Amino acid sequence: MTAQGEAVSGSLGTRRSITTILGQIFGPLLQIFYFVIGSAVILGAIVIILALLLRGTRDDIDLLQGTLIILPQVIVDSLVRGFLYAMIALGYTMVYGVLEFINFAHGEIFMVGAFVSAGFGLVLANSGALETFNPFAFVVIAVLLGAAVSGTLAVSIERVAYRPMRNSPRLVLLISTIGMSLLLQDLVRIIATMTPLGFNARVQTPNLGSALTLAQIPLGERTINVIIDSRSLIFILASIVMLIFLNYLVNVTRMGKAIRAVAQDMPTASLMGINVNNIIALTFLIGGALGGAAGVLFGIRVQAINPYVGFLPGVKAFTAAVLGGIGNITGAMVGGIVLGFLEAFVASYLSLFTAGQFAGANYADIAAFSILIIILIFKPEGLLGEATTQKV
Amino acid sequence: MGVLLQLDTVHTYYGQIHALKGMSITVNEGEVVTLIGSNGAGKSTTLRTISGLLRPRQGQVTFKGARIDKIPPHEIVKLGIAQSPEGRRIFPRLTVLENLEMGAYIHPSGTPEYRNDLERVFNLFPRLRERYKQKGGTLSGGEQQMLAIGRALMTRPSVLLLDEPSMGLAPVLVEQIFDIVKEINAQGTTVLLVEQNAHMALAIAHRGYVIQTGQIVLEDDARALSKNEMVQKAYLGIE
Ligand SMILES: Nc1ncnc2c1ncn2[C@@H]1O[C@H](COP(=O)(O)OP(=O)(O)OP(=O)(O)O)[C@@H](O)[C@H]1O
Ligand SMILES: [Mg+2]
Numbered sequence: 001m002t003a004q005g006e007a008v009s010g011s012l013g014t015r016r017s018i019t020t021i022l023g024q025i026f027g028p029l030l031q032i033f034y035f036v037i038g039s040a041v042i043l044g045a046i047v048i049i050l051a052l053l054l055r056g057t058r059d060d061i062d063l064l065q066g067t068l069i070i071l072p073q074v075i076v077d078s079l080v081r082g083f084l085y086a087m088i089a090l091g092y093t094m095v096y097g098v099l100e101f102i103n104f105a106h107g108e109i110f111m112v113g114a115f116v117s118a119g120f121g122l123v124l125a126n127s128g129a130l131e132t133f134n135p136f137a138f139v140v141i142a143v144l145l146g147a148a149v150s151g152t153l154a155v156s157i158e159r160v161a162y163r164p165m166r167n168s169p170r171l172v173l174l175i176s177t178i179g180m181s182l183l184l185q186d187l188v189r190i191i192a193t194m195t196p197l198g199f200n201a202r203v204q205t206p207n208l209g210s211a212l213t214l215a216q217i218p219l220g221e222r223t224i225n226v227i228i229d230s231r232s233l234i235f236i237l238a239s240i241v242m243l244i245f246l247n248y249l250v251n252v253t254r255m256g257k258a259i260r261a262v263a264q265d266m267p268t269a270s271l272m273g274i275n276v277n278n279i280i281a282l283t284f285l286i287g288g289a290l291g292g293a294a295g296v297l298f299g300i301r302v303q304a305i306n307p308y309v310g311f312l313p314g315v316k317a318f319t320a321a322v323l324g325g326i327g328n329i330t331g332a333m334v335g336g337i338v339l340g341f342l343e344a345f346v347a348s349y350l351s352l353f354t355a356g357q358f359a360g361a362n363y364a365d366i367a368a369f370s371i372l373i374i375i376l377i378f379k380p381e382g383l384l385g386e387a388t389t390q391k392v
Numbered sequence: 001m002g003v004l005l006q007l008d009t010v011h012t013y014y015g016q017i018h019a020l021k022g023m024s025i026t027v028n029e030g031e032v033v034t035l036i037g038s039n040g041a042g043k044s045t046t047l048r049t050i051s052g053l054l055r056p057r058q059g060q061v062t063f064k065g066a067r068i069d070k071i072p073p074h075e076i077v078k079l080g081i082a083q084s085p086e087g088r089r090i091f092p093r094l095t096v097l098e099n100l101e102m103g104a105y106i107h108p109s110g111t112p113e114y115r116n117d118l119e120r121v122f123n124l125f126p127r128l129r130e131r132y133k134q135k136g137g138t139l140s141g142g143e144q145q146m147l148a149i150g151r152a153l154m155t156r157p158s159v160l161l162l163d164e165p166s167m168g169l170a171p172v173l174v175e176q177i178f179d180i181v182k183e184i185n186a187q188g189t190t191v192l193l194v195e196q197n198a199h200m201a202l203a204i205a206h207r208g209y210v211i212q213t214g215q216i217v218l219e220d221d222a223r224a225l226s227k228n229e230m231v232q233k234a235y236l237g238i239e
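Chains as they are written, first to last, in my numbering: chain A, 1 to 392; chain B, 1 to 239.
Rather than coming from a laboratory, the hints here were simulated on the basis of the structure.
Since this is a predicted model, take the numbers as computed values, not measurements.
Coverage of chain A stretches by chain B, computed from C-beta distances (three or more under 8 Å per stretch; other residues unrestricted):
| id | segment |
| --- | --- |
| 1 | 253-264 |
| 2 | 274-282 |
With a straight-line Cα cutoff of 30 Å, these simulated DSS-like cross-link-like pairs (lysine-lysine) come out:
| id | chain 1 | residue 1 | chain 2 | residue 2 |
| --- | --- | --- | --- | --- |
| 3 | A | Lys379 | B | Lys135 |
| 4 | A | Lys379 | B | Lys133 |
| 5 | B | Lys64 | B | Lys78 |
| 6 | B | Lys182 | B | Lys78 |
| 7 | B | Lys70 | B | Lys21 |
| 8 | B | Lys233 | B | Lys182 |
Reference listing, derived: stretches of chain B covered by chain A, where coverage requires no fewer than 3 residues with Cβ under 8 Å from a Cβ of chain A:
| id | segment |
| --- | --- |
| 9 | 76-84 |
| 10 | 98-104 |
We put the beta carbon where it would ideally sit given N, CA and C, even for glycine.
Please put together the full structure from these sequences, using the hints given.
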């Protein structure tokens, strides 16, 4: 009994089996993968059924063919939006998990990341190095720069604007975050307009390569081109790499366990010798860095930004965090993915099915958010609210 | 047997509420000292003050001769003061093993010492070994209590503060927990035990204090206390 016991604690004490660690890292990613497939299949099926039902009502185009032809592009678009919201949502959910307030300045942390990419591109262009710069190195350096700047900024904001109010009512803190959000918008606006960046800043990049054709599926006299443009591909791949890193950090390392302990019970965590203030700063650093990295990737993809680009993605990512179950890390990623899919599908197909009567992003937002409200009516705790235990 | 931990006329407040009104206690190395008192007397407040979760407004706390009442809680643990808090306060969404790892947060993990600590806890509480993968929040009350004590032991303390380890446990389990406390003490850890179950507490303690509305009203060795008329009436239910 004892000998066997020694063996158990011996192996527990030194290193956990590699499968456990892999499970802790990739388990949440697998869950995201299921939601990606699930969203794509369900939404794809819905639009195809709708196309079949509405087929007779239109004589100008073949609705089914039109639906199928744009489907791959819509899914790529869904993934980009989904990972964008997922990465920003993590910042909201981590801060909420630990401190139970919504950091409304987080959208601006993201925006600052986008400006870092514009600044980096500009500096390279001015020195004449941009054209010949290795595209891979460009993306990696820009992402790391954006993560460092936004992460530092988030930590500083917590230190000066949130920590002094930590024991005040949550409403006061909330107002402080909104104030910080406006302050950052204006600061960036002033800096941008005073420098060659300008209010509408261009994100210059080296040539990032052309679109990748994954498949060509014949459909009657036309073909479905499954194409992914390089900037979207970069966005998706970089996001996945960062999510793997985050899961490793939070689920496997001692620091990550300390973050979870602090989120669950702050005074008791301090009784374990955990410096709660440092851990809170760390969550702002991680959340801010992810937001900044997302900002850089966003900038590289859309190539034109302004100081207000953080607002809408910020609000939507916050929604995604609530949709996934606020405070839940896997939930934030899943919520982002689901929201991205809903939005992209509605934006593309609403216009197609209504013959352009309801075209445009505004209708897409109304429709996507109505669906969200319906989901939350039936599942107010969020998609992963209580079902999984991986809160922060 | 030197003085290990001492509170000297400590006053602690919760805002305007004056919870400790000049508390003075002494814990010597190697002892089991118990603090008994009715609800709201200030027992938990005393332990929170020692651990640094609350700052006394007056008076001082000394540990091994040095003042600790201005040191933050995460530094106090490192000096060798561990607490198993009231209500157990297990991290509900961490596993048993992860809870124990958090207890060992201040020590490098994976060392032989760490493995020894883990082995010691698992030997004291074989239940925890069986359930090391289970989430803390899904343990039974008794198991959570074991985990709370085990987690505190993982910090490698020289003094262990226990806040009502018998709360809500069946009599058999209470006895078992108290036996283990005795064993922990025999292995060399000093214990400051807060209890409502004065009978059991006085049975294993060397000395005891009676606290009323934030002040010590009685102090004696445990046997004498259990024979004291006032204690018998108020805390042992003997008329
Ligand atoms: N967080 C708090 N805020 C305000 N007052 C508090 C707080 N915690 C305790 N008190 C008050 O301080 C006094 C001492 O409380 P304490 O928790 O130390 O009592 P206790 O002796 O541990 O009681 P019990 O046996 O019920 O656990 C009580 O009057 C209580 O109401
Ligand atoms: Mg108490």
